[in-house]
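Enquirer: Taken in order, these protein sequences are the chains called V and E.
When we follow this note's numbering, the leftmost residue of the first sequence carries the number 5, and every step to the right adds one.
When we follow this note's numbering, the leftmost residue of the second sequence carries the number 34, and every step to the right adds one.
These are calculated hints, taken from the structure and not from any lab test.
C-beta atoms are modelled at their ideal positions from N, C-alpha and C, and glycine is treated no differently.
Where hints are given, some of them may not hold.
[Claimed, not checked] Facing chain E, from chain V, some residues (calculated, C-beta under 7 Å):
id, residue
1, Glu46
2, Leu48
3, Leu50
4, Ala57
5, Phe108
6, Gly109
7, Ala110
[Claimed, not checked] DSSO-like, lysine-lysine: derived pairs with alpha carbons at most 30 Å apart:
id, chain 1, residue 1, chain 2, residue 2
8, E, Lys69, V, Lys105
9, E, Lys52, V, Lys64
10, V, Lys64, E, Lys74
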Amino acid sequence: GDSVTQMEGPVTLSEEAFLTINCTYTATGYPSLFWYVQYPGEGLQLLLKATKADDKGSNKGFEATYRKETTSFHLEKGSVQVSDSAVYFCALSDRGGNDYKLSFGAGTTVTVRA
Amino acid sequence: ETGVTQTPRHLVMGMTNKKSLKCEQHLGHNAMYWYKQSAKKPLELMFVYNFKEQTENNSVPSRFSPECPNSSHLFLHLHTLQPEDSALYLCASSQGIGFNNEQFFGPGTRLTVL
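For reference, chain V alone in the conformation it holds in the complex (with noise of 0.2 Å):
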């Protein structure tokens, strides 16, 4: 079945370091994949997506790249800020089947200081 695994955190950095949330996924057919943020107290937004090999989805200094060779989808930021802090979640979505199924990893605490 799909499957999304992604780094354990919790993570913690200070304002202005690079953060990289590692996101690996399998997929029985061609699978959209997703980040989803939760800030303290907040349901879950979506932050980008990419819906095919290559793709690079972003959002506020947010990015990451499907990469079909890897199965992966790694979030990166260049400069982070003490408003990033939340949980970050990868996710697919597998158009094979059941395709409005969000298959979510288990999501990953980033915490960074002032």
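Given the coordinates of chain V, assemble chain E onto it according to the supplied hints.
Expert: Chain E alone, transformed into the frame defined by chain V:
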């Protein structure tokens, strides 16, 4: 109100209680979802409704009973829960249920079962 709202935000109940969670979306969407978010585990999809019809029951125990009276409202009725049911319950909605339909999440209800 905008987006997806959930009430109550926090709920504490005993194992013999009956309670209900409410979700309302103000986005004009046609599909609504219930997810369970437990600590350090991936989000678990529980139920999916499309145009008020249930299209997915992801092997959820019968002590959880969903109700979707219209496309804007979704309820989760709770009865004789167990302590392991304590979690954050998230509601989401989307325009449709295709793989490119972004899901918008509510802030969740933090449920504690004593």
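Enquirer: Against each hint, give a clear statement of whether it holds in the structure.
Expert: Verification of the hints:
no.: 1; hint: Glu46; in the structure: holds (5 Å)
no.: 2; hint: Leu48; in the structure: holds (4 Å)
no.: 3; hint: Leu50; in the structure: holds (5 Å)
no.: 4; hint: Ala57; in the structure: violated (15 Å)
no.: 5; hint: Phe108; in the structure: holds (4 Å)
no.: 6; hint: Gly109; in the structure: holds (6 Å)
no.: 7; hint: Ala110; in the structure: holds (5 Å)
no.: 8; hint: E/Lys69 to V/Lys105; in the structure: holds (14 Å)
no.: 9; hint: E/Lys52 to V/Lys64; in the structure: violated (39 Å)
no.: 10; hint: V/Lys64 to E/Lys74; in the structure: holds (26 Å)
Checked against the numbered hints listed earlier, the structure breaks hints 4, 9; every other hint is satisfied.
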